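Listed in order, the protein sequences are those of chains A and B.
Here the working numbering is used: the first residue of the first sequence is 1, the next is one more, and so on.
Here the working numbering is used: the first residue of the second sequence is 1001, the next is one more, and so on.
Derived from the structure by calculation, the hints contain no laboratory data.
Because the structure is a prediction, the values reported are computed rather than measured.
Take the hints with a grain of salt, since some may be wrong.
[Said to hold, decoys possible] Derived EDC-like pairs (lysine to aspartate or glutamate); straight-line CA-CA distance at most 16 Å:
hint, chain 1, residue 1, chain 2, residue 2
1, A, K40, B, E1004
2, A, K115, B, E1278
3, B, K1057, B, E1108
4, B, K1131, B, E1070
5, B, K1131, B, D1152
6, B, K1057, B, D1019
7, A, K40, B, D1093
8, B, K1127, B, D1114
9, B, K1132, B, D1093
10, A, K40, B, D1150
11, A, K40, B, E1108
12, B, K1132, B, E1088
13, A, K88, A, D142
14, B, K1106, A, E156
15, B, K1112, B, D1093
16, B, K1015, B, E1208
17, B, K1225, B, E1278
18, B, K1230, B, E1208
[Claimed, not checked] Far from chain B, by Cβ distances over 12 Å, these chain A residues were calculated:
hint, residue
19, C71
20, F85
21, A161
The beta carbon of each residue, even a glycine, is placed where N, CA and C say it ideally should be.
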Amino acid sequence: MSKDFRQKLKNELQESIEPSEAHLDQTVKLAHTAYDSRRKLRNMSTFEMITSQFRFVARPVWLLQGIALLCLCAFMCVGMMSEQFVSKLPALVSVSAVFVSMTAFPLYGRSRRYKMREIESTTRISHPRLILAKLCVVGIGDVVCLAAIIILALGEMTAPAQIVLMFILLPFLLSCTVSLFIMNRVKEEYATYVSTGLCIGIGVVYWTMATKLQPLLTQLSIGLAIAACALLLLTLFFECRRLMRQIPSQDLQEVLIF
Amino acid sequence: MELEIRNLSKRYGNKTAVDNASLAITTGVWGLIGANGAGKTTLMRMLTGILTPTSGKVLYDGVETSTMGEAYRDAFGYLPQTFGFYPEFTVTDYLEYVATLKGISKSEYKTKIDELLELLTLTDVRKKHIKKLSGGMQRRVGIAQAMLNDPDILILDEPTSGLDPGERVRFRNLLSEFAQSRIVLISTHIVSDVEYIATRNAIMKDGEIIGVGTTDELLTGVSGKVFAAKIARSDLAYYESVTRIVSIKGEDDGSISVRYISDTQDIPNSQPTEPRLEDLYLWLFRQEAAQKEGF
């Protein structure tokens, strides 16, 4: 028996104890029996839990993102035939980036919409991990879509680094952050509409800015663009964390019948 | 094995959904009986951990469940009152999805799903979309998902709604067998669902647990209060207004046999009769029943 444990026992019992070997053996045996008779929990890492969800969560999201990507590719390929394509490219890619961020919307509040929240929250994976799995799925899809847009437009870009940062990453991160901010604070039934409206607004503003202020924006320092992206990324991280920490019981309480 | 509810309360503003409920649930089938709005669902949600109690705690074998995390969530199966599903899911997809949420390995869940589909006679519809199934079949899919992890505690909120009489009987038998060394807690306002299978019952009213015991123990509360009588058809309306008539049966001679529950013999020539759990329910919830009937 360890000294610490002996000391703890002494302190608890407030008297000196000198257990016999036989008693110790018996205690060990009882502890083993209790340990063996408990329900065995299969070892499972968070990574395994999250990736196991991809098959079910990813199907509708990636399908939607795939369709969106095909539409964007077709749109860009048609646009490339136009003489104005190079001058309109920043506007096009920025709107495309906002559009990509919007493909995650149908996933928000899906559990609640289809009354799956109670079952999902009471399983081993837990609600925050399931949200994390969904965020990972959306994130992977978004990265693929953005990479495809960059690859398609790369050959036509006059200042690739600035355009990628200012007209692809920045509008994408901005619309992601704004929509998640709304989703976390506005009632779920209205959140998607408000977010959609705001993202369309961001798209329109970016289209106007990219068309009218393109030379000015591309001349801005890369450092400033990186700082803006980093700030948005950080905000997005906190919004994701907030989303994961939301207690499912909050909306279960609302539906209680009195 | 014991699931203990200790002074559990849940309040929403000035409304109390569950009021200082205490109960020690041991192995066997437990019926949680109460009218709609009695607090059954809130209590069950607190047992599953999706609702945080305002005060009090839930203990599983002496350990507070809120500290057990995954280990507790792995130990129970839960069927909520409203059974939801994603529209793209077939029965198999759905069960596989819940199995992965419960952390069951693929090799394990394949066998378990086959077993449960067989047990709940769902094998023929395994490839069908859940949205295309009848209400009873959807409910059975819900019961299957709750049993996927072979839980020690099975919590079922109104499990028999939507099941036809045959399915109800099969379901009762299934639960009786399942509860041999486990805890099965069924919340219902359909008393006949638990009358024959519940080892013990807990009765909830206005957020409080007002009675706990076996069916026979609880029935002593209405002992001597249930009567049977024969009345003329023309008198029925009058007696319905003065006493709590439980059942009415037309006789060949044109008269009516009634069963009623009351402190006193309200109908002349009444005979005391054996009380049933349904009588107790109607006695305890007479105000709610009267409101429902517009009295």
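Hint check:
For the hint pairing A/K40 with B/E1004, the CA-to-CA distance comes to about 21 Å; that exceeds 16 Å, so the pair is violated. Of the pairs offered as hints, the one joining A/K115 and B/E1278 is violated, with about 32 Å between alpha carbons and a cut-off of 16 Å exceeded. Restraint check: the Cα-Cα separation between B/K1057 and B/E1108 comes to about 33 Å, which exceeds 16 Å; the hinted pair is violated. Our distance criterion of 16 Å between C-alpha atoms is broken by B/K1131 and B/E1070, whose separation comes to about 31 Å.
Between B/K1131 and B/D1152 the alpha-carbon distance is near 30 Å, which puts this suggested pair outside the 16 Å criterion. Only pairs whose Cα atoms come within 16 Å are accepted, and B/K1057 paired with B/D1019 is accepted, the gap being roughly 13 Å. Distance restraint check for A/K40 and B/D1093: the Cα-Cα separation of roughly 26 Å exceeds the 16 Å cut-off, and the hinted pair is therefore not satisfied. This hinted pair checks out: B/K1127 and B/D1114 have alpha carbons roughly 12 Å apart, not beyond 16 Å.
Under the criterion of a C-alpha separation no larger than 16 Å, the hint pairing B/K1132 with B/D1093 is consistent with the structure, at around 14 Å. Under the criterion of a C-alpha separation no larger than 16 Å, the hint pairing A/K40 with B/D1150 is consistent with the structure, at around 12 Å. For the hint pairing A/K40 with B/E1108, the CA-to-CA distance comes to about 14 Å; that is within 16 Å, so the pair holds. Between B/K1132 and B/E1088 the CA atoms are separated by roughly 11 Å; this keeps the pair inside 16 Å, and the hint holds.
A distance of roughly 23 Å separates the Cα atoms of A/K88 and A/D142; the hinted pair therefore is violated under the 16 Å criterion. Annotation: proposed proximity of B/K1106 to A/E156 is violated, straight-line Cα distance about 48 Å (limit 16 Å). Under the criterion of a C-alpha separation no larger than 16 Å, the hint pairing B/K1112 with B/D1093 is consistent with the structure, at around 14 Å. A distance of roughly 13 Å separates the Cα atoms of B/K1015 and B/E1208; the hinted pair therefore holds under the 16 Å criterion.
Distance check on the hinted pair: B/K1225 and B/E1278 sit about 13 Å apart at the alpha-carbon level, within 16 Å; holds. Distance hint between B/K1230 and B/E1208 is unfulfilled; the C-alpha atoms sit about 37 Å from each other, more than 16 Å. Residue-level check passed: A/C71 sits 21 Å from the nearest beta carbon of chain B, beyond 12 Å. The beta carbon of A/F85 sits about 38 Å from the closest Cβ of chain B, which is more than 12 Å, so the claim that it is off the interface holds.
Distance check for A/A161 against chain B: the nearest CB is about 41 Å away, which clears 12 Å, and the non-interface claim stands.
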